[in-house]
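Undergrad: Below are the chains, spelled out letter by letter.
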Amino acid sequence: MTARWEAVIGIEVHVELATDSKMFCGCAVEFGSEPNTNVCPVCLGLPGALPVPNRKAIEWIMAIGLALNCQVSHKSVFHRKNYFYADLPKNYQISQYDIPVCHDGYLDLPNDGESVRVGIERAHMEEDTGKSTHVGDGGRIHAAKSTLLDFNRSGVPLVEIVSKPDIRTATQARAYAQELRAIVLELGVSDARLEEGSMRFDANVSIRPEGSDVLGTKVEIKNMNSFRSLERAIDYEIQRQIEATGSDSDVIQETRHWDEEAGVTHSMRTKEGSSDYRYFIEPDLVPMIMDETWVATIRNKLPELPAQRRERYLGQGLDESSAGVLSDSPAMLRSLYDETVSLGADTRATANWLTGEVTAWLRKTGTEPADLRLEPVHLQELITIVDEGVVSSSAAKEVLEGILSGEGSARVVAERRDLIQISDSSALAEVIGHVLEEHPDAVASYQEGEQKVVGFLVGQVMRATQGKADPKLANEMLREALGGS
Amino acid sequence: MTLHEKTIVEAGRSLRSGEVTSEDLLDAVLLRASQTEAQLHAYLTLDKEGAREAAGQADADLADGIDRGPLHGIPIALKDNMCTRGVETTAASQILAGYVPPYDATVVTRLRDAGAVIVGKTNLDEFAMGSSTENSAYGPSFNPWDIGRIPGGSSGGSAAAVAAGSAFGALGSDTGGSIRQPASLTGIVGLKPTYGTVSRYGLIAFASSLDQIGPLSKSVEDAALTLEAIWGHDPLDATSYSAEYPDVPADLDTGVDGLKIGVIKELAGEGYEPAVESSVADMVQSLSEAGAEIVEVSLPTVDIALSAYYLVAPAEASANLARFDGIRYGLRVEGETTEELMARTRAEGFGPEVTRRILLGTYALSAGYYDAFYGQAQRVRVALRDDFARAYETVDALVSPTSPTVAFPAGEKIDDPLSMYLTDICTNPANLVGHPGISVPIGLDEQGLPIGFQVMAPALGERVLFRVAAEVERLAGFGARPVIEELAS
Amino acid sequence: MAIDIDIAHVARLARLGLTDEELEGYKSQLADILEHAARVQSLEGDPHPGSAHPLGFDNAFRDDERRPSLDREEVLSQAPEAMDGFFVAPPALETE
Ligand SMILES: [Zn+2]
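Protein chains in written order, with this note's numbering: chain C, 5 to 489; chain R, 264 to 752; chain V, 556 to 651.
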């Protein structure tokens, strides 16, 4: 009889801010520059250099905190976190300790059915380190292996967001990370590119018997470079811990490294007693006071956040899935949605067109959303003429293509491309007459009670009209003609 | 009077009258250096070429009618913990041997903008840690008044250069007394301005919350006009303060009539040399006669200020000096791993006093000891500030000896760190609270060694500080100049 | 007051590769200094926590504007070892 386990998961997310200049100096924040070209006395830790904090970075972390329903501290200070590492130029990191800029917030995960609220412990401001590249034999005089150091990343503003251990599954962890990414993208404060490392995750995972409130031994996992690897790593780790619990190899408190290829976590060798960071208040900086006026200014500038947007879409009659898809769509498509709907178009149809055919067309033609030429009024007209039966839904896709190619409004395109449905009963009556004449067997079958031949006859009408007949009208008229003869 | 003995004000007057050129002034100090460096070792680097060029430019400018102010064309020395682009800057440490900064400290830029001629870089205790300039990795400096004695520290090289006339003025840095104490021991004026009024950008940090750059000079007026050149907000130093330069010159001749001056009770007694105590008492009496109201003031926390100082300063230093690791600049001692390389480089590159303070500061910040040591020391600072605030409710300025002793013989305290630390006892309270302090020479003891008198004022109280200091200078009438012995060869 | 100092641990934290003999010397000096420094513990009461800055100001920021970076050759000219635009160091102990 095995016990049932539940996982207790907390996530630490590091987000590099996309400010023009670094956190404490005027060097460019730029990915992919030549090594050691965006460096100065401050971010290289040269003797005598002093840090001066970037106001925009502070405003952006405040925005992140507010978007995560955090309290913004009235007063906050920087601390020095002391540890030696080759890519940390001062051998201390300017970070925050007991008074972070933001604390005590939460994030509701988008979820079908029951909602999951993840507490946010804190969001604090710090500086990124440089980058080490470990190279093998050769190229170095004194040792077989060496480390190449590039300090372009040193001093890039970094926000660390620490969740409470409120996450229970790898799926939730993934949803949390994705939602957080959607938020920072919406705020426009980071590129949040996982593959470039501008957004990075660490997870703290422990397990305990389901329903228990004891805390298990916490294991930190690092090196997950995609949402998928975050989910896989946590799943793996939960399973590993369940198997290890009670066995000889019991779970120990440690840091483990996710190996994407092997699909396993490895223990990282860490040195005993090396983590006494000797935090103390950074004497080169003065306190930050974030008064109500400042916080209000930031709060008022917040854009609509993904969760609010989804909520609004649901209120407009979209289902969970299209609300989610539309919410994650490019801003251009979302504003088209809003404008089209404001002209009175049906919300579901509008969302479907934009997230379906329009998105597919963008992809097919390799067009950037920002370059999309689609007048809201044309989309609205397209929806109207489909609704009115002026064009069939399959012809409508062609109409859209015409609109997007700049051929004019929906009606104009439909006419020019000869896609208008025959919904004029007198015109259709003539065609129906011909069809009935040509298929006397079918007429006979119907009169013997074979109702399904109507479908065949509708098909013949469609063929005769090259698809332009309104199938619904054709169906009605055929039944009438057959019944009346 | 020979040229090198002139004050900045006097030299400037001669310059503007056409009597001398900036190049003449430079020649005078370089000649003086050539006569005294063997005895004093005030300089680590003489930048003759750069100085020659700057002097030539100053003369050309003046000929064109461009006058950059009181420091225009004046040869000034810099303590070698201030970064100078293209000129070796070592902080007197082996770990920075050969280091050439790619940028100028803000004070250096300001001096250049004021037309000053930077003569060279002066000796100091390694990373400004010391009170005798014996902790220099490049050998000690000596006192112009007695070359068997130390010049004080850590700005001992700057003090010796100014006292000897191998610079008309100098900049030093003061973390616990490192400008005022050597000024006192060499018979010159030394000023620590209010924390935050002079940029620290480009000053190689010792203890960030205590370090402050200031002038060493032959007169109170020279100190005032040097301060004016370097004073003011710097966008590159987040702790620098936007304050207009107070109208110090307006009050230099005002005198002390009507001022209330407090004598700090705790800075007297055991450990103070009788000659120091009696000179200071005489000056207090003179100030009284000049119209000041004298009161005795008690600042009880001063008794434990030194203890707090020797926790706060090393703690900050332990982090500030972490960057010297053999990776990006300076000394490297190779190792198999980065960690080994760093540990070897640092053990080899730092001298014993610096090593001691890094260990002390690391300990004071480490888990389990932080609250009892560093945390408690910070509370002492707050209590001390409260003490000062209470005193300044009733007095305009505070006075004390600058140093409990006159210059001591070289080697006397070098093996006894604690007794060396005690020489800062009168000066470090001003650093802990960030207030300005100035040392003015008031006389010689029976051995012919200078005695300094310290004046302190509240934060941004430079105007009253100088008002009192100028009066002390007038009352003392200290005109003695050291006679530097020839070395027996 | 007896002060307990794990001097080897402190030296390790400070990345100072000292010999045992040196460590012993520093340990006894530190003990003397700390005995004196421990006088800070005599402070009674709990004064209000203050900013370290005597002028007590706050919010010293810079605008998000770029300033020129240093010339790489000048920067690397000070490096004990450099290659292809990088600073070079031996491997870190922690790497696998
Ligand atoms: Zn930089």
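Careful, some of the hints might be misleading.
Pair by pair, the computed Cβ-Cβ distance ranges are [unchecked claim]:
| hint | chain 1 | residue 1 | chain 2 | residue 2 | range |
| --- | --- | --- | --- | --- | --- |
| 1 | C | K226 | R | P563 | 21 to 29 angstroms |
| 2 | C | G267 | V | M638 | 30 to 38 angstroms |
| 3 | V | D559 | R | L685 | 30 to 38 angstroms |
| 4 | V | N614 | R | D649 | 21 to 29 angstroms |
| 5 | V | E629 | C | D295 | 36 to 44 angstroms |
Rather than coming from a laboratory, the hints here were simulated on the basis of the structure.
Heads up, the beta-carbon is just placed ideally off N, CA and C, and yes, glycines get one too.
Undergrad: For each hint, tell me whether it holds in the structure or not.
TA: Hints, verified against the model:
no., hint, result
1, C:K226 with R:P563: 21 to 29 angstroms, "violated, 52 angstroms"
2, C:G267 with V:M638: 30 to 38 angstroms, "holds, 35 angstroms"
3, V:D559 with R:L685: 30 to 38 angstroms, "violated, 25 angstroms"
4, V:N614 with R:D649: 21 to 29 angstroms, "holds, 25 angstroms"
5, V:E629 with C:D295: 36 to 44 angstroms, "holds, 42 angstroms"
Hints 1 and 3 from the list above are not met by this structure, while the remaining hints are.
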